[in-house]
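*Asks:* Here the structure of chain L is known, so what remains is to put chain S with the ligands in place on it, guided by the hints.
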Amino acid sequence: MAEASLEAFAFAGGVASQLGIAVEALLIGADAASLADECAAHGAATVHHVVDAAITDYGPDAHGAAVAAAAGALSPSALVASGSDRGNEVLAYAAAELDLPFVANCLEVKTADDWEMTRVQWGGSLNEDARLTSSLPILSVAPHGVETAEPVAGATATVQPLDVALPESVTATMIQDRIVLSEGVTLATAPVVVGGGRGVGSAEGFEVLEALAAKLGGVVGCSRAVTNNGWRPHSDQVGQTGTRIAPQLYIACGISGAIQHWVGAKAAKKILAINTDPAANMVVKADYAIIGDLFDVVPAITES
Amino acid sequence: MRVLVCVKRVPAPGAKINITDDGQAVDATNLGHTMSPHEECALELAVQLIEAHGGESHVLTLGTAEADEQCRWAASIGIGKATLVEVDSMDWDPQRTSRALTESVRAIEAADGAFDVIIFGNESADTGGYQVGIRTARALGRPMVNAIKGVEVSEDGATLEARRETDNGFEVYRLPIPCAIGVKEGITWPRYPTMRGRLASKKLAVDSVSSDAAPGGQAKIRLNRPEEKVSETIVLGEGPEAAARAVELLKELGLWSEGVAS
Ligand SMILES: Cc1cc2nc3c(=O)[nH]c(=O)nc-3n(C[C@H](O)[C@H](O)[C@H](O)COP(=O)(O)OP(=O)(O)OC[C@H]3O[C@@H](n4cnc5c(N)ncnc54)[C@H](O)[C@@H]3O)c2cc1C
Ligand SMILES: Nc1ncnc2c1ncn2[C@@H]1O[C@H](COP(=O)(O)O)[C@@H](O)[C@H]1O
Chain L
1 MAEASLEAFA FAGGVASQLG IAVEALLIGA DAASLADECA AHGAATVHHV VDAAITDYGP
61 DAHGAAVAAA AGALSPSALV ASGSDRGNEV LAYAAAELDL PFVANCLEVK TADDWEMTRV
121 QWGGSLNEDA RLTSSLPILS VAPHGVETAE PVAGATATVQ PLDVALPESV TATMIQDRIV
181 LSEGVTLATA PVVVGGGRGV GSAEGFEVLE ALAAKLGGVV GCSRAVTNNG WRPHSDQVGQ
241 TGTRIAPQLY IACGISGAIQ HWVGAKAAKK ILAINTDPAA NMVVKADYAI IGDLFDVVPA
301 ITES
Chain S
1 MRVLVCVKRV PAPGAKINIT DDGQAVDATN LGHTMSPHEE CALELAVQLI EAHGGESHVL
61 TLGTAEADEQ CRWAASIGIG KATLVEVDSM DWDPQRTSRA LTESVRAIEA ADGAFDVIIF
121 GNESADTGGY QVGIRTARAL GRPMVNAIKG VEVSEDGATL EARRETDNGF EVYRLPIPCA
181 IGVKEGITWP RYPTMRGRLA SKKLAVDSVS SDAAPGGQAK IRLNRPEEKV SETIVLGEGP
241 EAAARAVELL KELGLWSEGV AS
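The listed protein sequences derive, respectively, from chains L and S. Under my numbering, the residue at position 151 of the first sequence is numbered 151, and the numbers go up by one with no gaps. Under my numbering, the residue at position 186 of the second sequence is numbered 186, and the numbers go up by one with no gaps.
To be clear, the hints were calculated from the coordinates, so they are not data collected in a lab. Not one of these hints is a red herring.
Coverage of chain S stretches by chain L, computed from C-beta distances (three or more under 8 Å per stretch; other residues unrestricted):
hint	segment
1	35 to 41
2	174 to 182
Quick list of simulated restraints, FRET-style, between CB atoms:
hint	chain 1	residue 1	chain 2	residue 2	range
3	L	E204	S	E56	41 to 47 Å
4	S	N30	L	E147	35 to 41 Å
5	S	G23	L	G201	36 to 42 Å
The beta carbon of each residue, even a glycine, is placed where N, CA and C say it ideally should be.
Next comes chain L alone, as it looks inside the complex (with noise of 0.2 Å):
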């Protein structure tokens, strides 16, 4: 199971502690019954499992229908997905059929007569204290927003299958193919990140990175200035509008460390900062910094 799914297993573990009810999960697709006991031992007391004809792949009004008539047939206290873009693209459509609203991206919830919760903005660099008034909270979790729990060792689940009867107009979102263009590590799963910004002057500037990420197994990300000039694809990008990341390390060489670009990288668990400006904002948040010039430094670690 993805790592978002988890937290929102220990988010949704919270609010059914504070209702005194159970967590029960809901899987959708053939596929996914093997997860069963993974859900099983997060906390789920039961385990209904969607079959429809019509889900044969992934597909947002598929799975979001799939959600709301589960919800009709179950009549859940809470909805709680992750704030993936498959999650949050599922409620939204969930709660689009229901008419209901949809608080994306929590971290907290205080449940009570109109439940309140602390949600994100900006992409994490704020925070939203909001009210909610609905007969069916649905929420997601931001990722990275909630401490994941220990799987409980043995357990197992009964599943219950449940019908929804999808009409057939749901598949005109269905996943239609695919096109794998790497198997590698990515920006989002990889153990350490060399990021690059405005700093590094030009595309060129990169394969000093590039040589450092390449010994020790990790990729190369970048500031938006960086995507701007052009000087990397916008897959590169960490940030509010680029990538999460969460790597065991974060090099960020030649970055100030502007908040839209730090909300991205500060999962990573260490942050070692190399620039030229000791009051920088990375310099200032990092864990460890070294000041000088990226041309220097760099390879000076990377032929260390």
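*Replies:* Structure of chain S with the ligands alone, referenced to chain L:
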């Protein structure tokens, strides 16, 4: 082909985002305003689609009277028409916003003809609710996929192929036109306005409309700055001499093995 883009006016914060004393808004004193980078790319995509297929592009925004500026920005890069749903606060919740946008799209379509493609940002820059596009598209009966980073319209104009980035490549969706998509920054490279574009934007007639859409169930209480983990920065040194300490650190973190390095 007719293409609609929905954008939201937001403050353009610097390296830090400050909050007003009452905790109700981003302190925009001395700040300009902009839209999400996703939405800038959405506008560029609309202009490119019209360049390739002919037709008309339209920008729609719900905001205060000042959002006129974002309509004109859109016109300056080549968007043809603009509608502003004028409201007296930027605090409309996602359900209310999408109800108003839906009404407005229906009115525009009744007057000018149906849109083939409606483009949203993946999420707004400030409130980031991840839903206004999906709610609106669904209310209009258009299939919609979010998080799109590549599109292609089929030669017969009947299908829009939309690609979403994954860990190792792309997922491909084929949406029957008319449809809607939510796009991410990187799908296009927004152009800068030309002198001619700037002049055209001054002449743009922004159609200002009002809405009495009912509020939804989510309401802001206040904004806060997230607690930062405070860590004292350990300075490993200055210049290339610090490399040895960096290697020690990598070893300490278990990230430096001779196996990987060789
Ligand atoms: C809505 C919104 C979303 C955004 N999303 C993102 C996002 O996803 N990701 C993102 O990164 N930004 C994002 N931004 C932009 C962000 O605000 C900053 O503009 C950007 O991060 C700055 O990039 P930078 O640090 O590379 O450049 P700068 O701020 O210019 O910093 C360059 C740094 O390099 C240092 N330097 C220069 N030369 C050297 C050298 N030779 N050796 C070592 N150090 C050197 C300088 O001291 C400086 O600290 C967003 C902005 C907005 C408004
Ligand atoms: N006030 C608004 N006016 C026009 N479009 C909006 C508005 N709010 C949100 N949108 C559109 O919906 C997308 C998703 O917004 P959100 O649900 O707030 O994350 C944005 O990127 C815009 O394209």
